[in-house]
Amino acid sequence: MPQSYDGLGRILVIIPTYNEIDNVDMITGRLRAAVPEAHILVVDDNSPDGTGRRADELAAADDHIHVLHRQGKEGLGAAYKAGFAWGLGEGYDVVVEFDADGSHQPEQLPRVLAGLHEADMVKGSRWVPGGSVVNWPLHRELLSRGGSIYTRLMLGLPVKDITGGLNAFKADTLRAILDDPIDGQGYGIQRDLTWNAHKRGYRIKEVPIEFIERTAGESKMSGDVVKEAMIRTTELGLKHRGKQVRDAVAALRGGSEHAGEVAGRFVGAVSRAARDAAREFRNGRAR
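Each residue of the sequence shown is one higher than the one before, starting from 751 at the first, in the working numbering.
These are calculated hints, taken from the structure and not from any lab test. Accuracy of the hints is not assured; some may be wrong.
Unchecked claim - Derived pair list, reagent style SDA-like, types lysine to any residue, alpha-carbon separation capped at 20 Å:
#1 K920 - P798
#2 K823 - N796
#3 K955 - E857
What the hints assert, rightly or not - Pairwise CB distance ranges, derived in the manner of DEER restraints:
#4 N885 - I981: 22 to 32 Å
#5 P798 - D922: 31 to 41 Å
#6 H990 - E807: 40 to 50 Å
#7 A784 - E985: 21 to 31 Å
Note that beta-carbon positions come from the ideal geometry of N, C-alpha and C, so glycine has one too.
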């Protein structure tokens, strides 16, 4: 795998914030040191703790830092979509999603960016060999692993860490996949972006990262976010698998010479997804 991100063009790292006053200096500083050429866009949802004002001060002192102020807290998905529109409008060649709380390690970003020499979308992955999580309680890890496994089973996605939030896109890829529905309001946006890229045939690469639980500020994960993601994933999965079933049944009823092949592909796809999901769940529990 290439180790350099040279030649990718102008890079924008988007950092959504809400009450991240304890982290905004840290994360922007580390990003500027790790990838000096990159620009940073802080998308602040009118944080009452002053995160937006502090981001303005950082931007005034550094022409590689920009701030997009939004009127209120509307969720991670809405913040990223606003950031994407800004970045694509400004003509950046690469757009990156990045957490504000230090969970994503800026020092690993060059490796993620380098993956774009071989792919159209690169996901920093906790669940591929070499990836890891630090300071997570067991229930959080099982929730994250389980969410990715369930989504992969329902949609047939060949991705281990579907819900991971460190993602890098070539601009043309991002522009195209945003033309398809992006319904996730919270972390579901990561599912939608990955699913849209897969449906369009874009190359998706996973690069191992170390994910460290935040040490300052409060997590934005909530029961409502999890519920929304599960409901929407189920809806998408039933639609996707339903089409596969209808195609197989139609081929069988029509007496097509390829009927057995169509049905076999469907059964094989579901069986492989279930087998892979079971194996990953067992491996996750054994860690």
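Against the structure, the hints come out as follows:
The hinted pair formed by K920 and P798 fails the criterion: a straight-line CA distance of about 34 Å is larger than 20 Å. Between K823 and N796, the direct Cα distance comes to roughly 7 Å. Compliance with the 20 Å bound is thereby established for this hinted pair. Between K955 and E857, the direct Cα distance comes to roughly 19 Å. Compliance with the 20 Å bound is thereby established for this hinted pair. As the Cβ distance of N885 to I981 is approximately 29 Å, the hint placing it in 22 to 32 Å holds.
Our hint of 31 to 41 Å for P798 and D922 holds, since their Cβ atoms are close to 38 Å apart. Our hint of 40 to 50 Å for H990 and E807 holds, since their Cβ atoms are close to 47 Å apart. Range check, A784 to E985: about 38 Å between beta-carbon atoms, so the 21 to 31 Å window is missed.
Hint compliance for this structure: hints 1 and 7 are not met, and every other hint is.
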